[in-house]
Amino acid sequence: MTEFNSHSATVAEMQESPRSEHWNRPAHIEPSGDGELLEVAMGPHHPSTHGVFRMDVALDGERVIRLRPVFGYLHRNHEKIAEGVSYLASMPYTDRLDYICPITNNWAYALAVEKLTGQAVPERAEYLRVILGELTRFQNHASSIGFLIQEMGASGTPLMYAFREREKILDLFEKLTGARMMVNYMRFGGCRVDASPAWMNVARKTVAGLTEFADEFERLLTSNEILMARTQGVGILKPELAVNAGVTGPMLRASGVNYDIRKVDNYGIYDRFDFRVPLGDHGDVYDRFMIRTLEMRESIKILQQALKDIPDGPIMDPKAKIRGFRPKPGEAYGRIEAPKGELGFYLISDGGPSPYRYRIRPPSLINLTILEDMCLGQNVADVVLIFGSVDIVLGEVDR
Amino acid sequence: MKTVEEIKAAIEAAVPGAGVEIVSNPSPSAQHSLRLAPGQAFAVAKFLRDDADLALDFLSNATGIDWPDKEFGEKVQVTHRISKPVDGPGRKKTQIVEEVVEETRIRVEPGWLEAVYHLYSVAKRHGPVVLRMRTINRTDQVELPSLTPIWRSAEFQEREIFDLYGIVFTGHPDLRRLLMWDEFKDHPMRRDYREPDDFEYEPTAHDDVLNRTLEHHAAIAGQEEAGAGE
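Chains as they are written, first to last, in this note's numbering: chain A, 184 to 582; chain B, 81 to 310.
Warning: the hint list may mix true and false statements.
[Said to hold, decoys possible] Derived pair list, reagent style SDA-like, types lysine to any residue, alpha-carbon separation capped at 20 Å: (1) Lys511/A x Ser109/B; (2) Lys150/B x Tyr539/A; (3) Lys263/A x Lys265/B; (4) Lys204/B x Asp454/A.
[What the hints assert, rightly or not] With the Cβ distance kept under 8 Å, some of the chain B side facing chain A (calculated, not the full set): (5) Ser109; (6) Phe138; (7) Asn141; (8) Thr143; (9) Glu235.
Hint data in this document are derived by calculation from the structure and do not stem from the laboratory. By construction, the Cβ of each residue, glycine as well, lies at the ideal position given by its N, Cα and C atoms.
Just need the whole structure built from these sequences, with the hints factored in.
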């Protein structure tokens with residue numbers, strides 16, 4: 184321990200946190216006895232951080248005494264850039280926020296602008312949005328589970344299984360929009376290109392294959408002894424704290440709070456589909472894993488219904504204005520249930536061609552608010568797991 | 081879900097002297113907002129969270145807006161006293177005459193910074209309720225009360241507003257910059273923000289950036305010349 188002395192502080196010094204008691208922090212953590220701490224900077228180039236993110240961790244032996252997330256390594260001020268260009272010009276840029284799920288980013292932005300202008304969306308376009316959105320959710324959950332398992336040491340196999348399925352879905356995106364990831368698909372009042380009957384057939388086949396994959400994935404993982412030993416009881420998040428800290432998405436539902444914006448707001452046409460909202464009991468890493476697994480199955484259910492019911496018709500509202508698009512002065516906040524949580528766009532128009540204010544409510548950033556609370560008192564090896572179970576993308580955290 | 085008028089009445093009944101104003105939103109979204117007086121905002125927010133009917137337990141979005149100083153050109157009638165020659169140009173006699181001239185004067189109305197909060201209720205499944213607060217100006221009186229002790233989801237978002245807009249949230253437990261580095265001086269999301277003139281190499285200089293790159297290099301060349309002369 185001697186060579187680290189210049190960086191260490193006593194346990195008492197570290198626990199002088201300037202935070203209020205209101206946040207129900209974990210109780211005082213018993214020191215290990217030697218009274219020395221080790222400060223570790225995990226990141227910005229740590230393989231488990233999924234990008235450039237830093238956690239300044241103070242350790243007492245193996246246990247975490249303090250954790251400070253450090254952001255901004257990928258900051259490019261997307262909001263400022265959007266204030267200088269037209270509304271539509273920000274659409275391709277939203278693909279780059281959460282680059283695992285560009286479709287839902289497009290959708291949230293289109294929804295906010297449609298609220299701002301009162302624009303209607305034709306039925307076929309709504310169905311296409313749901314189909315692509317649920318495919319996105321499926322591949323996001325599959326690959327996020329894959330990453331989580333990889334961080335536990337199962338190097339490769341589950342992640343490659345997930346990526347094999349993800350490639351099939353990205354192939355569908357590519358056939359429809361021309362791009363695997365940077366799709367730039369939605370427009371205010373509809374979608375950019377229509378799906379051909381041939382695409383529909385391929386999509387139906389792919390979705391039929393997804394059930395098989397979900398079965399296989401569950402057989403492989405759900406009752407895996409190592410997975411259960413590593414994740415059960417780790418990183419517990421209480422429902423009251425989760426709601427108060429603005430945690431959304433699978434994280435919130437793993438803590439047992441029944442809040443899914445697809446059900447609460449019924450945006451788009453989600454009230455037509457029959458699906459359930461899975462809820463967890465314990466709020467630990469295993470529950471988050473299970474919620475994602477179960478949501479994948481619900482997504483398949485929605486996809487099957489949507490692919491069956493999709494009507495013919497226009498994909499763009501004929502009254503939608505594309506050139507010279509200037510919303511009347513006013514503001515709107517639109518939000519959707521993105522795979523990572525509540526993704527919202529807050530727009531203020533002053534009547535000009537570009538938004539006066541363009542704000543993104545990033546679920547990845549706000550879900551990290553309670554990262555320290557979940558990690559305090561846990562082993563440093565579990566920090567990697569807890570962080571992986573939050574499921575973030577740094578492009579959205581730093582914007 | 082109550083309307084904004086009903087929420088305003090409920091707040092005024094619960095918090096005396098709350099000073100709540102309704103800010104209407106003309107867009108089709110019809111999300112009207114409530115403007116709080118910063119002095120009473122904390123008490124009002126606590127009421128909104130704890131009230132059994134409203135139960136706004138979930139702060140979804142917190143953000144800042146910059147409303148810069150506005151300049152108005154006003155026509156003002158000004159009387160000037162001028163000396164004028166009388167009785168034609170030949171005679172050299174002058175007389176003081178009062179003349180009324182119209183002049184344009186620029187009046188500056190000070191701007192403000194605004195913090196906006198979008199609240200929802202997880203328990204009652206309604207929302208959004210939009211709260212707004214304004215600072216007094218944009219330069220030295222930029223304090224607003226922090227709502228982080230009430231809704232913890234404001235923790236990072238208020239840090240971001242502090243970072244990008246420069247609103248100082250009093251009562252925030254850990255007010256540091258979030259996205260920019262600690263030594264950074266300005267607030268990049270303000271509308272009059274100008275990037276610091278510290279670039280040595282600009283790969284795709286164009287328009288304004290090109291001019292500023294040229295200025296920058298000319299300034300450096302000037303400094304080098306002055307250094308060589310000494």
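Item to check | Unsatisfied constraints (hint numbers, rising) | outcome: The structure conflicts with no hint, since it agrees with every one listed earlier.
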